[in-house]
Amino acid sequence: MTTEIASGNQGSQAGTSDDGPTSTGSRTTRVLGILTLIGFGLLALYGLVISPADANQGDAVRIMYVHVPSATFAYTGCFLTTLGSAVYLWKKSQWWELVAYASAEIATLFTAVTLVTGMLWGRPTWGVFWIWDARLTSTAMLLLLLLGYLAVRRLPAEYSVRAKRAAIIGLLLVPNVIIVRQSVQWWRTLHQKPTLFSNGLGSAISGTMLTSLFIGFVVVGLLFAWLLIHRFRLAWLEEQVADQGLDVAIAERRAEGVAEAGTSLPHTFTPGEATP
Amino acid sequence: MIRDALLVAGKDLRLEARSRVALNQVLPFALLVLVLFAFALDPDRGLLEKATPGLYWVAVLFSGLLALQRSFSVEAADGNGDALRLSGLDPAGIYLGKVLAVSVQLLVLEVLLLVGVAVLYSTHLGGWLLLASTVVVATAGIAAAGTLYGVVAAGLRVRETLLPLLLLPVLAPVLIGSTRAFEAALAGTPSEGWPWVGLMGVFAVLYVVAGVLGFGPLLEES
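Those sequence lines, one after another, are chains A and B.
To convert, note that position 247 of the first sequence is 247 in my numbering; the numbers rise steadily by one, no gaps.
To convert, note that position 205 of the second sequence is 205 in my numbering; the numbers rise steadily by one, no gaps.
Since the hints were made in silico from the structure, they are not lab data.
Since we're looking at a predicted model, the values are computed, not measured.
Note that CB positions come from ideal geometry on N, CA and C, so glycine has one too.
A portion of the hints provided could be inaccurate.
To give an idea of the chain A side of the interface with chain B (calculated C-beta under 10 Å), a few residues [claimed, not checked]: (1) 135; (2) 168; (3) 183.
Chain A regions said to be covered by chain B (calculated; three or more residues, Cβ under 8 Å) [stated by the list, open to error]: (4) 25–31; (5) 227–234.
Chain A side only, calculated, beta carbon under 7 Å to chain B, not exhaustive [unchecked claim]: (6) 141; (7) 145; (8) 187; (9) 258.
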């Protein structure tokens with residue numbers, strides 16, 4: 001019943017002991033983690049100190065260095081989920097299904113971060129926390145679609161049931177996102193002039209602002225990868241525990257059955273036994 | 001496949017004709033939603049008239065959820081699900097049959113709701129071709145997506161809460177499109193509504209294809 005995750009370890013062993021993995025860390029994740037931490041320090045330096053405030057948006061533009069990469073990687077995670085679901089449905093590969101699940105969860109987190117940072121940016125810039133423009137609305141819809149996927153994936157049911165149903169939802173995730181984005185975009189632009197403030201950094205960004213944004217992309221990307229690896233391994237271990245739990249329960253039942261064979265207690269049914 | 005679809009659709013519609021659940025419960029619920037909107041939006045302020053298309057389609061969506069839940073709960077009782085699986089019917093045919101049955105019920109509901117808004121919200125109906133086309137493609141989309149997501153939620157204890165969560169974000173484009181198309185029809189500018197009908201047509205086609213392909217594997221172990 002165990003599944004090999006060798007290909008997921010990228011060549012390095014997960015932290016192990018004689019009883020099995022004790023953590024989801026490994027050399028790969030430690031390197032990634034340290035790089036991410038250094039990157040965040042660099043991002044803070046560039047984003048908060050070195051790069052200038054924007055002419056229109058003031059200091060609020062600094063939120064963009066985290067907001068834009070978060071959005072990008074939320075959609076990346078979304079795409080990974082659909083890809084993983086497709087491969088799972090095609091080849092029944094648990095590895096890909098777990099990638100889909102882990103990726104969806106990370107994408108949900110990043111979508112939430114995108115929305116919150118967007119709202120924090122919006123308050124000083126537009127004066128309100130929320131406007132129903134195309135991009136914000138689409139991102140909110142993305143969050144809802146992802147939550148639907150997670151709800152199905154976390155059903156109290158057997159793995160094969162959960163995985164197959166979640167995979168169908170996951171497979172339709174990217175098409176749904178595309179259709180929703182398109183219709184929301186159409187809706188918000190057909191009868192209106194384009195919004196006065198673009199949702200990004202304005203028409204031309206250059207110099208240290210561009211550098212900060214680039215660092216933001218790199219750092220958030222590293223964070224995404226780090227979280228994904230850990231979440232994937234955690235999901236794998238969860239499935240192993242679930243399988244193991246069943247084996248342990250069956251063994252205990254059998255032991256009880258043997259122990260009671262010599263007493264006058266009512267006979268305990270063990271799987272595989274014919275009813276007396 | 002078509003023969004199986006008609007068989008299943010006939011079965012579902014006959015069930016409905018005999019039990020009259022959609023007529024006695026779903027339709028009154030839809031009208032109730034219209035009335036609740038009047039309570040919420042205060043008829044004197046002219047909001048109801050302005051928001052009629054949106055309110056109409058929200059009422060349709062909520063009632064559609066009930067109709068879809070019903071479509072699958074009839075399969076859950078008395079081991080019908082197993083009977084359906086063992087019947088040898090083509091799963092794609094079963095899917096199309098269920099879509100057809102739900103569509104028929106929804107179409108009846110929507111026509112009656114149109115009467116409802118005409119009376120309750122004093123809507124002056126016009127642009128009939130656009131209205132009719134919108135109703136048809138939107139219903140197809142709701143039924144197609146709803147039946148596919150319905151089978152994902154079928155057979156689970158949590159299905160009543162899961163189906164709305166799954167389906168409503170997916171149907172957001174249908175809500176947007178049908179509302180805009182209705183607005184265009186009622187405002188007398190139908191040319192603005194036809195692109196939305198096109199979008200919803202694409203949506204419906206996409207989901208019918210997805211349903212035909214995906215229904216079989218999902219039916220196997222629901």
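Structure-based check of each hint:
The interface hint given for residue 135/A is violated, since its Cβ lies 15 Å from the closest Cβ of chain B, which is over the 10 Å cut-off. Given hint, residue 168/A at the interface with chain B, holds; its Cβ is 5 Å from that chain's nearest Cβ, closer than 10 Å. At about 4 Å, the closest approach between the beta carbon of residue 183/A and any beta carbon in chain B falls short of 10 Å, and the interface hint on this residue holds. Counting residues of the segment 25–31 of chain A whose beta-carbon sits less than 8 Å from any beta-carbon of chain B gives 0, not enough to reach three: the coverage restraint is violated.
Check result for the segment 227–234 of chain A against chain B: violated, 0 residues qualifying (beta carbon to beta carbon below 8 Å, three or more required). Hint status for residue 141/A: holds, given a least beta-carbon distance of 6 Å to chain B, under 7 Å. Look at residue 145/A: its Cβ gets to within about 5 Å of chain B, closer than 7 Å, so that hint holds up. The beta carbon of residue 187/A comes within 5 Å of a beta carbon in chain B, closer than 7 Å, and the hint placing it at the interface holds.
Taking 7 Å as the C-beta cut-off, the interface hint given for residue 258/A is violated, the closest approach to chain B being about 34 Å.
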